[in-house]
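Q: Single-letter residue listing:
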Amino acid sequence: MNIIVLIAGVHDPKWPITPDSEANGLPAASHQVPSPFDEAAIEIALRIREARPDTLITAHVAGGAAGEKIARTIAALNITDVSTVELAAPWDQAATARSLAALCGDADLILIGREFGDYDDGMVPALLAGFLDIPLFARVQTIETQGDIRFTREMDSYVETLKVSSRLLASVTNDRRTRLRKPLMKNVMLARQASIGETVTQSASSSAIGIENMAPRNVDRHQTRCAMISGPPEVQARTLATILWEAR
Amino acid sequence: MTPWRIMRIKCEGTQATALTETARPLLLVFPADAVGETLAGAFAAKTGAAVVGRIITARQEGADLIVTRSTHGGRLILALRVLPGLAVATANDLECEAALSLGQPDGLCVEREPLPSEGTSLDGADIVIGGGRGLDVEGFAQLERIASALNGAVSASLPAVDLGLAPVSRQVGQSGKFVNPKIYFAAGMSGTPQHFAGIGARARIVAVNTDRDAPIFSLAEAGAIADARILLPLIADALENMQAT
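Those sequence lines, one after another, are chains A and B.
Each residue of the first sequence is one higher than the last, beginning at 208 in my numbering.
Each residue of the second sequence is one higher than the last, beginning at 238 in my numbering.
Read the hints as simulated data drawn from the structure, not as lab findings.
Backbone N, C-alpha and C define an ideal beta-carbon position, used for all residues, glycine too.
Check the hints yourself; a few may be wrong.
What the hints assert, rightly or not - A short, non-exhaustive set of chain A residues, derived as facing chain B with CB atoms under 7 Å:
#: 1; residue: Trp222
#: 2; residue: Gly329
#: 3; residue: Met330
#: 4; residue: Leu343
#: 5; residue: Asn381
#: 6; residue: Gly404
#: 7; residue: Thr406
#: 8; residue: Ala411
#: 9; residue: Ala448
To be verified - With a Cα cut of at most 25 Å, we get these calculated SDA-like pairs of lysine to any residue:
#: 10; chain 1: A; residue 1: Lys389; chain 2: B; residue 2: Asp399
#: 11; chain 1: A; residue 1: Lys221; chain 2: B; residue 2: Ile462
#: 12; chain 1: B; residue 1: Lys247; chain 2: A; residue 2: Asp340
Just chain A, with the same shape it has in the complex (with noise of 0.2 Å):
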């Protein structure tokens, strides 16, 4: 089985973000660090590796440079054959899924987070299955080697499985079972030294949408001044249950 795995890093949540007004407001990629889809994404790939050692996996990370560090991670994970993609445009989704579609090639399965990258909201994967036409499978949260290869998510009220049997996208979101596993402390250090490949798309914005400013996100609510509620601890708990209550 040929598995791709595209994975797309986030800005770190632990370091600030100021848009910068010389580039369209668009922030500098920096810090960048894989999304919890991105890690679920990968431990997929990893899992189906273990129960078939035919499969071979390919993994593209977008950001180009700044994309490397994020490749190196996924190398020390014994995926060989990792590069970073420079996308052109990566806020319009449509252009960053025409980019990827021109990297999946004939791959049997194509592994996605739910969400690819900061700029995006869940419609990469699904704009990237319309584009290389083939099913997309949404959101799974788990995945069963014995025996067929089957996901699974919950959607609504039910627990869906898919038997994978045959071309495929599957986006993935995050869930502890599975979490990205650590990698062995020998894998890190050969991971250094190894030959991360760099891709160029052409794919370029769309001509019907244009960045217009990228600012600060102002808090949608009012900050409030926050009644404190003190005193020992059954007062606060019979004020807050009494707020609660009243509020029903």
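Put chain B on the given structure of chain A with help from the hints.
A: Coordinates of chain B only, in the frame set by chain A:
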């Protein structure tokens, strides 16, 4: 200047409805959930419509449409200018002038089994009782008691879900469900933009946290600096007493 039409899409049926030709620029707004996103992506890829993502606002400026969406985990806002034509968006909560039905994309043979009952659904809940990574398994059990006494629904932040404290179907935030309750009780969560991107503006916030400098207290109308492990059982007891009388 031709006014834009902004139409909400309802995902129903199995056949895609032919889109009526319209001379006016048209923004189609799909539900911001797995089905809505999948359908929006398939539709946009097929039609070549411009894609603007999960939008928060849309307003006309001249002949163009200006839409906003949040990026970087809800910390930044990106405004896009959309030229007249056909465009596709998703949204949690956006006023639209009409609804149009499009069939769900099909082709996957999926087995479905009902989930064990998880209590009140987050969808449409007026009271939501939320927990973050500051809680543990027992803390979430106490949230269930509190929610049960109030006929409310339990939610969790992404880190709490990652820790296995709650199922992903209970995740609220930028990458989870959008809720718009009358009151949101937040226990053991700091109040990140990522989490609050999933909570409607009408919600009154009440918070419990051990850190007096936690951002949640700048959003809450009432709060207590306290150890949730001590306070939550006491709140649950008090509510159950109120329920009994």
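Q: Less than 7 Å between beta-carbons is the criterion; does Gly404 of chain A satisfy it with respect to chain B?
A: violated (27 Å)
Q: Taking 7 Å as the limit, does the beta-carbon of Thr406 of chain A come near enough to a beta-carbon in chain B?
A: Hint on Thr406 of chain A: violated, closest Cβ of chain B at ~22 Å, above 7 Å.
Q: Are Gly329 of chain A and chain B close enough, Cβ to Cβ, to be under 7 Å, as the hint says?
A: Holds. Min distance 5 Å.
Q: A closest beta-carbon separation below 7 Å is what the hint needs, so does Asn381 of chain A meet it against chain B?
A: Holds - the Cβ of Asn381 of chain A comes within 7 Å of chain B, reaching about 6 Å at its closest.
Q: Hint validation: Trp222 of chain A versus chain B, beta carbon distance must be below 7 Å. Holds or violated?
A: violated (11 Å)
Q: Does the closest beta carbon of chain B sit nearer than 7 Å to the beta carbon of Ala411 of chain A?
A: Given a least distance of 13 Å, the restraint on Ala411 of chain A is violated.
Q: Has the given pair, Lys221 of chain A with Ile462 of chain B, been kept, meaning a C-alpha gap of at most 25 Å?
A: holds (23 Å)
Q: Holds or violated: is the Cβ of Leu343 of chain A closer than 7 Å to a Cβ in chain B?
A: holds (5 Å)
Q: Quick one, are Lys247 of chain B and Asp340 of chain A close enough, alpha carbons at most 25 Å?
A: Holds, because 22 Å separates the two Cα atoms, which is no more than 25 Å.
Q: Going straight from one Cα to the other, do Lys389 of chain A and Asp399 of chain B come out at no more than 25 Å?
A: holds (16 Å)
Q: The hint names Ala448 of chain A as touching chain B; please verify it with the least Cβ-Cβ distance against 7 Å.
A: Ala448 of chain A check passes; min Cβ-Cβ to chain B is 4 Å, inside 7 Å.
Q: For the restraint on Met330 of chain A, tell me whether the closest CB of chain B is nearer than 7 Å.
A: holds (5 Å)
Of the numbered hints listed earlier, those contradicted by the structure are 1, 6, 7 and 8.
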